[in-house]
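In the numbering used here, each residue carries its 1-based index in the sequence shown increased by 109.
Don't take every hint at face value.
Unchecked claim - Cross-link-like lysine to aspartate or glutamate pairs, in silico, DMTMM-like; alpha carbons within 20 angstroms at most:
| no. | residue 1 | residue 2 |
| --- | --- | --- |
| 1 | Lys381 | Glu288 |
| 2 | Lys381 | Asp422 |
| 3 | Lys381 | Asp415 |
| 4 | Lys381 | Asp409 |
| 5 | Lys381 | Glu259 |
The hints are simulated quantities; they were obtained by calculation from the structure and are not laboratory data.
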Amino acid sequence: MNFTSPFHSFHSLHSFHSLHSFHSLHSFHSLHSFHSLHSFHSLHSLHSFHSLHSFHHIPISPFHHFTPFTLFTTSPYHHITISLQQQTFLRYSSTMKNLSFRLTLIFLLYLFNNSFAYTQTWTTTGSCDLDAPMPLFTMINACGNGTNTEEPASEYFTFNTGGAPYNVNASGGMSLTVECPLGNINSQLNGYGANAAAVAQLNALTGGCDIFVDVMAAPYNGVIPQDALVWAFNTDHPNLDLLDPAAFVNLCSGDPVYVIFGDYAGNLPMFKNNTGCTACGCIRYITISFGGCTYNISYDLTQLVDQSGTPADAEGSYIILNPDGTVGYGNNGNCAPLEITCTTPPAPLIDTPTQALCQGQTPTAITCSNCNQFTQWLDQPTNGNILTTGTSYTPTDTDTNIWVQNLDGACTSIQTIVAITTTPPPTITLDVPTQQLCINQAITVQNTATQANTDYIWAITTPQGNVLSNVAANFTFTPTQAGTYTIALTADNGTCTNDAVTTIMVLDNTPTPIIAPINANICDNTSITFDASGSIYAGSETPTYQWTLLNTTTNQQTNLIGIQATTVLTSGDYILTLTITAPDACLDASTSTNFTVTPALSVVAQTACINPISYNLNLTIAGGTSPYTINGNPIAGNTSTLVFNTPNNYTALIADSGTCTAQTINGTAPNCLCPAVPQPLLNTNTAQICPGNTHAHI
Numbered sequence: 110m111n112f113t114s115p116f117h118s119f120h121s122l123h124s125f126h127s128l129h130s131f132h133s134l135h136s137f138h139s140l141h142s143f144h145s146l147h148s149f150h151s152l153h154s155l156h157s158f159h160s161l162h163s164f165h166h167i168p169i170s171p172f173h174h175f176t177p178f179t180l181f182t183t184s185p186y187h188h189i190t191i192s193l194q195q196q197t198f199l200r201y202s203s204t205m206k207n208l209s210f211r212l213t214l215i216f217l218l219y220l221f222n223n224s225f226a227y228t229q230t231w232t233t234t235g236s237c238d239l240d241a242p243m244p245l246f247t248m249i250n251a252c253g254n255g256t257n258t259e260e261p262a263s264e265y266f267t268f269n270t271g272g273a274p275y276n277v278n279a280s281g282g283m284s285l286t287v288e289c290p291l292g293n294i295n296s297q298l299n300g301y302g303a304n305a306a307a308v309a310q311l312n313a314l315t316g317g318c319d320i321f322v323d324v325m326a327a328p329y330n331g332v333i334p335q336d337a338l339v340w341a342f343n344t345d346h347p348n349l350d351l352l353d354p355a356a357f358v359n360l361c362s363g364d365p366v367y368v369i370f371g372d373y374a375g376n377l378p379m380f381k382n383n384t385g386c387t388a389c390g391c392i393r394y395i396t397i398s399f400g401g402c403t404y405n406i407s408y409d410l411t412q413l414v415d416q417s418g419t420p421a422d423a424e425g426s427y428i429i430l431n432p433d434g435t436v437g438y439g440n441n442g443n444c445a446p447l448e449i450t451c452t453t454p455p456a457p458l459i460d461t462p463t464q465a466l467c468q469g470q471t472p473t474a475i476t477c478s479n480c481n482q483f484t485q486w487l488d489q490p491t492n493g494n495i496l497t498t499g500t501s502y503t504p505t506d507t508d509t510n511i512w513v514q515n516l517d518g519a520c521t522s523i524q525t526i527v528a529i530t531t532t533p534p535p536t537i538t539l540d541v542p543t544q545q546l547c548i549n550q551a552i553t554v555q556n557t558a559t560q561a562n563t564d565y566i567w568a569i570t571t572p573q574g575n576v577l578s579n580v581a582a583n584f585t586f587t588p589t590q591a592g593t594y595t596i597a598l599t600a601d602n603g604t605c606t607n608d609a610v611t612t613i614m615v616l617d618n619t620p621t622p623i624i625a626p627i628n629a630n631i632c633d634n635t636s637i638t639f640d641a642s643g644s645i646y647a648g649s650e651t652p653t654y655q656w657t658l659l660n661t662t663t664n665q666q667t668n669l670i671g672i673q674a675t676t677v678l679t680s681g682d683y684i685l686t687l688t689i690t691a692p693d694a695c696l697d698a699s700t701s702t703n704f705t706v707t708p709a710l711s712v713v714a715q716t717a718c719i720n721p722i723s724y725n726l727n728l729t730i731a732g733g734t735s736p737y738t739i740n741g742n743p744i745a746g747n748t749s750t751l752v753f754n755t756p757n758n759y760t761a762l763i764a765d766s767g768t769c770t771a772q773t774i775n776g777t778a779p780n781c782l783c784p785a786v787p788q789p790l791l792n793t794n795t796a797q798i799c800p801g802n803t804h805a806h807i
């Protein structure tokens, strides 16, 4: 391999203490060889430079036999290889330890098949430390014929974000300017955005492994992870049909490439590539700004090379930034010289990799102990939608399985699956035969939709707060207290539960019928009123009062309605029953009483003479109720004799002690006079003596 670089040695590099960057490293005057430095592969283990005070004692060996190198980032998880045909670009950075200041070593070596010219320079201004993004190479002569739809739409440059994430939208933004000569702007772009369709087309070139990421879209929204490779197109309408799919064959085994799209709208290529000098001269100037860091790059049109290394105006020619502050030129014949390898970061560690939920239950947040802000939560393992990014995710009710993958720079970890199972709750069909019943009346409640392997747990709360419990499909209980009972049934299948609740009202409003007292002795054909106004009923509906009157003597029955009922009774022994009913009464209620209706009062009167002017009135009383009175004077029994000492007619008032009407008897006095005396027949032997005379006169 031939080098046209004018630097040959490291004689002037005596100390690394002041080497904070390579900005001042413009030549290697005595660099002929690195005797002991046979490969840069061992740089991955170079963690400190305690003993590296100078390079002038390092044995030198020829530089021709170096093999292609791999770009190792500061991340412990991955490295990036950018293949420029068979030449490899290396960026290695490691934080120096045990030094009072940060010392970082960057090697940017580009090896080409033929010539490798270092003729132009690049410098930086602003805060361009290892945490700032750094340009890698620029495709000067892109594929296409120079029309708006080809070459201008195929130009791009690449950069690495360095040791910290970079926000494209942060203060200071990101811009690219081409000048010819210096101070005369030839073309410029000032903003970058997303292009989902172009990213999808790039991923199609890989066979669909989604290695390309639209970093300007969600969830990144312009924040590129640290140590990430970025492919920045100058336009938002890249012509990707000109890219060779063979250049993408190895990308699926490596890290993602983050893609952004510029706002350059020119019809001519932004980077000038003709080998002949123009009115602008032979030198072009590129200024790339990343926030507070600016890279000033110049390149010579005459130095652009073809695939053989010969200066020529050839597609695929690019410029690269060398570590000594110069610009190199190359061409690998491919307009997309990308090849990436990756060391997989660790898989996400999920605190609860499974969630068993009941249908309708809100899932809980899932957290990851080794994730970061770029961790992706996907709805399927391949070509999945990103549900969110970060260290945690709260599933929705419709999520089933979720796949989680860590990203480190451009590397993707093995996915961790979070399984979410949703089980429908057991069914309940609560059957309560009535919502209202009476105290001390048994009731059976049941679940008519029983399922296997399910417990049905009853909890019935009384008005006083007591709980009646049972574990069965059915439950029979007898309420002993009036009030509201709460009936709760829980179905539990071991994973999910379901509840059903209802209430019943237990009433204590059975009527209390009360019959007003009835005279025990009622006379025949007497009108009587039955009275139930003293009855008790606690319901809200109007009750019905039903009277049943049974004459047990005659077996005749009479029915009456009303809280008061009047009727005329004939004689006999009676049973009176009062029944109260109501629509909202628990039960009908009845009460009965007995009474007797006696025949009407009757008197039989007989007279008997005592003498011509006196007679007895003999009275026999029937009916009514004893004791009787005659003319207000009580008598014993039902017979009595009145004595009349005058031949006048008699009268007497006979009454009983019941309700019968008193009887007045009137009668004619009997003829108690002597019969007519016949003429005497004188007979001396016979004498006639009148009654009452003791002497006979002859």
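Identify every previously stated hint that the structure contradicts and give their numbers, smallest first. Result: no hint breaks.
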